[in-house]
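Protein sequences appear in the order of chains V and A. Just so you know, we're using our numbering here: the first sequence kicks off at -8 and counts up by one. Just so you know, we're using our numbering here: the second sequence kicks off at -8 and counts up by one.
Fair warning: there could be bad hints in the mix.
If several chains are the same, the list does not tell them apart, and a pair holds so long as it fits within one copy or across any two.
What the hints assert, rightly or not - Derived lysine to aspartate or glutamate pairs resembling EDC-like cross-links, with alpha carbons at most 20 Å apart:
id: 1; residue 1: Lys99; residue 2: Asp202
id: 2; residue 1: Lys211; residue 2: Glu168
id: 3; residue 1: Lys235; residue 2: Glu220
id: 4; residue 1: Lys235; residue 2: Glu168
id: 5; residue 1: Lys99; residue 2: Asp219
id: 6; residue 1: Lys99; residue 2: Asp234
id: 7; residue 1: Lys74; residue 2: Asp234
id: 8; residue 1: Lys185; residue 2: Glu49
These aren't lab readings, by the way, just hints derived from the structure by calculation.
Residue-level listing of the chains:
Number of protein chains: 2
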Amino acid sequence: MVGRRTELSYAQAASRAQAVIVNVPIEHAENVIREIGPLLTAQQLLIDNTGVKSQVIETMLKSTAAEVLSIHTMFGPHVRDLKGENIIVIHTARSGQMAEEFENVLHKHGATLTVTTAAEHDRLATLTQGLEHVISAARMAVIQELAGGPEALTPFSTPNSRLSMLVDGRIHGGSAELYATMLGQNRAALATLKAFGAQIDAIIAGLECGDSSRLAELLKANRARLTDEFVERGTLLTGQLQDKLRD
Amino acid sequence: MVGRRTELSYAQAASRAQAVIVNVPIEHAENVIREIGPLLTAQQLLIDNTGVKSQVIETMLKSTAAEVLSIHTMFGPHVRDLKGENIIVIHTARSGQMAEEFENVLHKHGATLTVTTAAEHDRLATLTQGLEHVISAARMAVIQELAGGPEALTPFSTPNSRLSMLVDGRIHGGSAELYATMLGQNRAALATLKAFGAQIDAIIAGLECGDSSRLAELLKANRARLTDEFVERGTLLTGQLQDKLRD
């Protein structure tokens, strides 16, 4: 492990390692890659673990003679082990034997690996990360504005709202800067947020005319395309989680 | 229990009961109250359990000589017992001895009772119900639109997005009509949704200029007003729930 607070220089670390994982705040990733890439040989492996893939892979390929692999660990620092957690893997033109061995190590520790492209990663990760963070920030801002804070809602909480608010608590314990940088650097984020905003606007436009049927239509159209399993799993597991919260 | 599918008439039921709870779809509540209210005497108790309080209390007071109490059980049909669940109680000018006894029964079964006003109920319940349902409907619509469905997101899911999606599953198993009627009848719903939409719009407006700092600002402003306990509880309990999901 080499960082701003360690004695070991990049050059010393690079000379000793089989693989170097660049796991730094996203706004520093490309600079670190440009610095460390040239120190690696074709017998080594350079990996980035950043949350947005648009530019970083190209920078790696340009900056090093080493094998190049891109990953994204889909979880934060509070997860204790890899078992059952998602890792996205993006192969490059220079992902070879070393990259394969590295993937095998992740597999061995129980992670679920999915191979995709940079564009696909960015497009789908906005739905599970950017949109999730934006909704949480906006909801908590409204709760502060209209209720003074989440405590005022405790008597009005439902099984669903209690779970959502736990997620809000977790997100607000994360890094605001990291979430904002991930949102800003992801080329797919704007389209995702606009699609969400348009749905909210349509419900508001109806309500302004005293018509709330848009909400029912949306829920029913969604339901028609969702599997029974998705709905039953949500109902069953939220129920179990709620039981756990009451104990 | 009297309903559309029972032999017992309202008159028969009313003559036998100490208390009558009107627990029907919200769009029928006032009609049922007008029908059953006159059948009750001052020695009986009329209670509504509807999700929006603006008009229903007035209708009860006008329709009966009985004691009048208004409650809202803040949970759906999947909850098996009252322990730890919230019930909102609104006293009226004619909540007396019978109403008090009824509240004692709910207490005895472990419910958390909170006494408030109709206006306060409607204002705060939009934050835990209307907003929750609207966010879920809009998010699932966007996921259908951009990813084809939630299954496509499985490899990209994070600990947070998995919990949110369980809540989405549960909400989409509920009654779309009930959710829409509750939203439409709640006078506070429009202000709540507009406040939420304004936050989303502000983030989108920034992103259109390549600036995602609004998300960081919001998260930080929220965090400054949230207690450490709220954030720590969210982090701890979502972690425990996620462990449970992996088992």
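- Violations among the numbered hints: Hints 1, 4, 5, 8 not satisfied by this model.
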